[in-house]
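A.B. asks: Below are the chains, spelled out letter by letter.
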Amino acid sequence: MDVFGNLLNGFQTALTLKNVYLCFIGCLWGTVVGVLPGIGPLAGITLLIPATFGIDATGAIIMLAGIYYGAMYGGSTTSILMNIPGESASVVTCIEGYQMTRKGRGGAALFISAWGSWIGGTLGIVGLMLLAPFLANVAVKFGPPEMFALLLVAFILLGSLGRGSFFKTVPMILLGLLVGTIGMDQLTGTMRFTHDIKELYDGIGFIPVAMGAFGIGEILSSTEGTLVRFVHKVKLRELLPSREELLAAWKPIFRGTGLGFLIGLLPGSAHILASFVSYTLEKRLSKKPEEFGTGRIEGVAGPETANNAASESAMIPFLGLGIPTGPAPAVMMIALMIHGVRPGSLFISEQPQLFWGLIASMYIGNVILLILNLPLVSLFINLLRVPFRILFPVILLVCLVGTYSVNSSIVELVILVVSGVLGYIFRKLDFDIAPFILAMLIGPALEMAFRQSLMRSAGSFSIFLKSPVACSLLVLSCLLFIWNIFRVVRPKKAWEKALEKDE
Amino acid sequence: MKVFVKLVSTLVTFLIVVSGSLAADYPTKPITLINPQAPGGTLDIQARAYASVAEKMLGQPVVVVNKAGASGMVGGLAGAQAVPDGYTLTVGSVNIPNAIEWEIANGRKPPFTGRDFICIGTFTMSPTILIVPMDSPYKTLADLIADAKAKPGQLAFSSGGLYGMSHLPAEIFAMAAGIKIRHVPYTGGGPSLTAVVGKQVDFSVNYPANSIPLIRGNKIRGLAVIGAKRLKSVPDIPTTKELGIDAEYYGWVGLLAPLKTPQPIVDKLRDVTKKVVEGKAFVDIIEQAGDEVYFLNGEELAKYMETESKQIAKLYQEMMKEAPKK
Chain A
1 MDVFGNLLNG FQTALTLKNV YLCFIGCLWG TVVGVLPGIG PLAGITLLIP
51 ATFGIDATGA IIMLAGIYYG AMYGGSTTSI LMNIPGESAS VVTCIEGYQM
101 TRKGRGGAAL FISAWGSWIG GTLGIVGLML LAPFLANVAV KFGPPEMFAL
151 LLVAFILLGS LGRGSFFKTV PMILLGLLVG TIGMDQLTGT MRFTHDIKEL
201 YDGIGFIPVA MGAFGIGEIL SSTEGTLVRF VHKVKLRELL PSREELLAAW
251 KPIFRGTGLG FLIGLLPGSA HILASFVSYT LEKRLSKKPE EFGTGRIEGV
301 AGPETANNAA SESAMIPFLG LGIPTGPAPA VMMIALMIHG VRPGSLFISE
351 QPQLFWGLIA SMYIGNVILL ILNLPLVSLF INLLRVPFRI LFPVILLVCL
401 VGTYSVNSSI VELVILVVSG VLGYIFRKLD FDIAPFILAM LIGPALEMAF
451 RQSLMRSAGS FSIFLKSPVA CSLLVLSCLL FIWNIFRVVR PKKAWEKALE
501 KDE
Chain U
1 MKVFVKLVST LVTFLIVVSG SLAADYPTKP ITLINPQAPG GTLDIQARAY
51 ASVAEKMLGQ PVVVVNKAGA SGMVGGLAGA QAVPDGYTLT VGSVNIPNAI
101 EWEIANGRKP PFTGRDFICI GTFTMSPTIL IVPMDSPYKT LADLIADAKA
151 KPGQLAFSSG GLYGMSHLPA EIFAMAAGIK IRHVPYTGGG PSLTAVVGKQ
201 VDFSVNYPAN SIPLIRGNKI RGLAVIGAKR LKSVPDIPTT KELGIDAEYY
251 GWVGLLAPLK TPQPIVDKLR DVTKKVVEGK AFVDIIEQAG DEVYFLNGEE
301 LAKYMETESK QIAKLYQEMM KEAPKK
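Protein chains in written order, with the numbering used here: chain A, 1 to 503; chain U, 1 to 326.
Be aware that one or more of the hints could be misleading.
[Claimed, not checked] Straight-line C-alpha distance at most 27 angstroms; calculated BS3-like pairs for lysine-lysine:
| no. | chain 1 | residue 1 | chain 2 | residue 2 |
| --- | --- | --- | --- | --- |
| 1 | A | K198 | U | K274 |
| 2 | A | K466 | U | K199 |
| 3 | U | K314 | A | K198 |
| 4 | A | K466 | U | K274 |
| 5 | A | K198 | U | K321 |
| 6 | U | K151 | A | K141 |
| 7 | A | K287 | A | K103 |
| 8 | U | K310 | U | K241 |
| 9 | U | K180 | U | K199 |
| 10 | A | K198 | U | K199 |
| 11 | U | K232 | U | K280 |
| 12 | A | K466 | U | K280 |
| 13 | A | K141 | U | K180 |
| 14 | U | K229 | U | K303 |
| 15 | A | K141 | U | K139 |
| 16 | U | K180 | U | K232 |
| 17 | A | K141 | U | K199 |
| 18 | A | K198 | U | K109 |
[Stated by the list, open to error] Far from chain U, some chain A residues (derived; all Cβ distances over 12 angstroms):
| no. | residue |
| --- | --- |
| 19 | F53 |
| 20 | V170 |
| 21 | L177 |
| 22 | L200 |
| 23 | L220 |
| 24 | P289 |
| 25 | P317 |
| 26 | P329 |
| 27 | R342 |
| 28 | F380 |
| 29 | L400 |
| 30 | Y424 |
| 31 | D430 |
| 32 | F431 |
| 33 | L465 |
[Said to hold, decoys possible] Restraint-style ranges between C-beta atoms, simulated for each label pair:
| no. | chain 1 | residue 1 | chain 2 | residue 2 | range |
| --- | --- | --- | --- | --- | --- |
| 34 | A | Y404 | U | D25 | 26 to 34 angstroms |
| 35 | U | D25 | A | F53 | 43 to 51 angstroms |
| 36 | U | A176 | A | S405 | 37 to 45 angstroms |
| 37 | A | Q353 | U | P61 | 48 to 56 angstroms |
| 38 | U | E318 | A | V418 | 35 to 43 angstroms |
| 39 | A | F53 | U | V65 | 13 to 21 angstroms |
Treat the hints as calculated values from the structure; they're not laboratory data.
Note that the structure is a prediction, hence the values are computed from the model and not measured.
Glycine is no exception: its CB is placed at the ideal position from the N, C-alpha and C atoms.
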């Protein structure tokens with residue numbers, strides 16, 4: 001049967017009252033776990049698995065998938081309004097989103113990110129629907145050498161992420177790399193800087209550090225001034241993006257969709273990488289890169305779209321082959337297995353009703369999320385009117401509870417608080433936090449992929465040249481590196497001199 | 001001083017009486033199951049399935065709490081140090097001896113051992129399947145062994161992580177078959193499977209729930225079950241024992257209680273666990289997830305853990321000998 005006939009059947013499955021209801025519950029819960037800092041889609045899905053025991057397999061997967069992509073919508077909210085990444089893929093959204101809030105454009109940022117999420121999500125499903133079986137077989141070829149080459153590109157891009165000067169970004173990247181080495185070396189079992197603290201064996205958690213350095217650091221520095229510093233009345237017109245903002249946002253949205261979709265196919269926490277690469281790409285392509293860091297809408301639109309598209313394509317290896325490549329699809333797969341459905345390479349042909357029902361429900365879910373999120377924009381914006389002496393302690397509490405709830409770990413709470421203090425100090429010294437956090441994420445993954453490749457090839461570097469994908473990505477990273485050096489040594493433009501004077 | 005001694009002895013008597021009476025009508029409050037692995041793993045699903053059935057029999061809610069970290073040692077330690085009143089139990093697995101023996105082999109003192117627990121019983125005990133890419137030149141296990149012997153140290157296998165549940169069976173197999181192979185760890189069972197399907201490695205081992213769907217979908221081939229008994233779901237795959245290779249390893253998952261838990265409570269838990277594991281509701285969930293239920297009672301599990309720990313310790317010693325000096 002053709003795609004449209006299948007899709008029509010899928011809508012028949014998904015549009016029953018029960019399944020729409022389940023889809024709605026999933027999306028609502030997903031938005032909630034996305035908004036709440038600390039709790040991500042993984043914990044959200046796991047918590048609701050027992051609730052699906054009484055539902056059929058189709059209903060269960062519709063609901064659980066709703067949580068997963070719903071969380072990507074919710075994640076941007078606290079990033080934009082309070083500088084606290086609500087979900088790990090929204091770390092880069094903090095950079096521009098929060099600056100927009102400070103300029104009184106938070107509503108527009110939320111609005112654009114909701115639309116971007118919708119476009120990225122919906123186009124992502126189209127890709128998933130048409131290309132799943134094909135792409136699943138391509139994605140498995142992407143091994144450690146290719147991963148290493150891609151991460152190297154990302155790593156070199158880190159250098160241009162910082163808003164400050166090159167010499168203030170590099171120390172932060174190095175610091176991030178250092179912190180990233182903490183924990184057990186996953187290839188030999190050697191302990192690095194763990195000091196016999198068992199909780200550090202797995203390394204320093206990304207989420208507590210991101211939440212601490214961004215969110216708690218922000219709260220600490222806000223309390224210095226008058227507590228009513230940037231509370232302002234919001235008019236309805238301010239909630240909507242201006243013409244210029246819309247014009248600036250539409251290209252990043254489509255670029256973010258394509259980029260996110262491709263990166264989402266990769267194993268691991270690809271959606272974090274997707275949003276970050278999209279941000280740096282927008283900065284590179286922008287005619288005014290100097291304004292990045294002061295609240296450019298492109299820096300919200302691109303990444304927020306990319307992480308939604310990535311969340312859809314991350315389901316391809318899981319639906320097309322039955323191999324979950326990220327933690328959240330892994331939980332969804334287990335939920336399906338409990339319902340007696342074993343996803344495998346025959347999943348789409350053996351379970352057409354389930355697959356197409358899920359696809360159709362994802363279209364519906366994305367519409368539900370858009371309807372759910374647009375009115376929430378004004379509600380969330382109004383949260384900023386709550387006096388900060390009340391709002392901040394509440395946020396702090398939510399951060400602490402959220403972090404603790406994931407692993408019931410006191411050590412993670414300590415990490416959260418310490419990174420908060422560090423984040424505050426960095427802010428005072430005008431060092432950028434984003435390169436630090438992303439280096440912490442990319443560093444260990446880069447090292448792992450590099451060493452995995454060499455373990456496979458028994459130490460021969462030719463493994464990187466044998467793969468055309470890896471090889472071309474390596475060439476790209478060389479070019480980027482040379483260009484970065486050129487940027488540092490070339491004569492400065494007027495605006496850059498002005499910026500340095502300010503510093 | 002006298003007053004103090006009196007006070008303490010009264011308190012102790014009081015506690016004994018109270019705990020005795022508590023044991024009689026145990027449980028009177030919700031029970032916590034510590035899962036030492038991250039949400040969403042095999043352990044998690046079995047723990048949640050167990051909790052959903054057991055709470056009906058115990059008449060109290062059973063709550064699963066994830067306490068992941070250090071290959072299960074963080075959660076395991078919390079479970080071993082919990083108040084031994086039967087209200088905090090641990091979901092144990094083969095990962096516990098794996099991690100403890102690794103600490104010992106590396107000259108560190110493990111924070112706890114299997115002896116810090118009273119075994120209640122197992123839920124499952126799965127062997128692994130040795131798998132190769134679909135167009136691999138190895139049609140049988142003998143092909144693979146012959147080639148590995150011809151090119152020592154050239155063949156590479158993927159695992160879900162160093163000294164994890166999908167690393168050790170491959171090493172045990174290699175030791176029994178007398179071959180030298182290279183280990184490429186991946187971050188988790190999913191990526192490790194991807195590596196075989198995508199021909200990034202020569203072979204891998206994985207649990208039936210993950211590998212059988214791919215075997216049936218003609219993406220990978222199963223060469224042998226690492227164990228003694230063929231699997232019901234793939235009866236045509238021979239076992240290593242049949243093929244004359246003395247390799248066995250089972251990824252068990254079960255329930256543990258802290259040492260010093262009062263005997264009446266242990267008895268009740270053992271009784272309930274046996275009923276849960278043999279009951280239809282639990283069997284259905286586990287079988288649908290692609291596993292087979294396998295019940296060992298407390299004593300059997302304790303005995304099994306002893307021999308298993310010895311096997312793992314011996315394996316680590318062999319591996320350390322070969323590993324380059326750090």
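A.B. asks: Give a verdict on every hint.
C.D. replies: The hints, checked one at a time:
no.	hint	in the structure
1	A:K198 to U:K274	violated (33 angstroms)
2	A:K466 to U:K199	holds (14 angstroms)
3	U:K314 to A:K198	holds (24 angstroms)
4	A:K466 to U:K274	violated (55 angstroms)
5	A:K198 to U:K321	holds (26 angstroms)
6	U:K151 to A:K141	holds (25 angstroms)
7	A:K287 to A:K103	holds (21 angstroms)
8	U:K310 to U:K241	holds (20 angstroms)
9	U:K180 to U:K199	holds (20 angstroms)
10	A:K198 to U:K199	violated (35 angstroms)
11	U:K232 to U:K280	holds (18 angstroms)
12	A:K466 to U:K280	violated (53 angstroms)
13	A:K141 to U:K180	holds (26 angstroms)
14	U:K229 to U:K303	holds (20 angstroms)
15	A:K141 to U:K139	holds (22 angstroms)
16	U:K180 to U:K232	violated (31 angstroms)
17	A:K141 to U:K199	holds (7 angstroms)
18	A:K198 to U:K109	holds (12 angstroms)
19	F53	violated (7 angstroms)
20	V170	holds (28 angstroms)
21	L177	holds (18 angstroms)
22	L200	violated (8 angstroms)
23	L220	holds (28 angstroms)
24	P289	holds (34 angstroms)
25	P317	violated (7 angstroms)
26	P329	violated (8 angstroms)
27	R342	violated (5 angstroms)
28	F380	holds (28 angstroms)
29	L400	holds (17 angstroms)
30	Y424	holds (27 angstroms)
31	D430	holds (35 angstroms)
32	F431	holds (30 angstroms)
33	L465	holds (16 angstroms)
34	A:Y404 to U:D25: 26 to 34 angstroms	holds (32 angstroms)
35	U:D25 to A:F53: 43 to 51 angstroms	violated (29 angstroms)
36	U:A176 to A:S405: 37 to 45 angstroms	holds (44 angstroms)
37	A:Q353 to U:P61: 48 to 56 angstroms	violated (35 angstroms)
38	U:E318 to A:V418: 35 to 43 angstroms	holds (41 angstroms)
39	A:F53 to U:V65: 13 to 21 angstroms	holds (19 angstroms)
Of the hints listed earlier, those the structure fails to meet are numbers 1, 4, 10, 12, 16, 19, 22, 25, 26, 27, 35, 37, in rising order.
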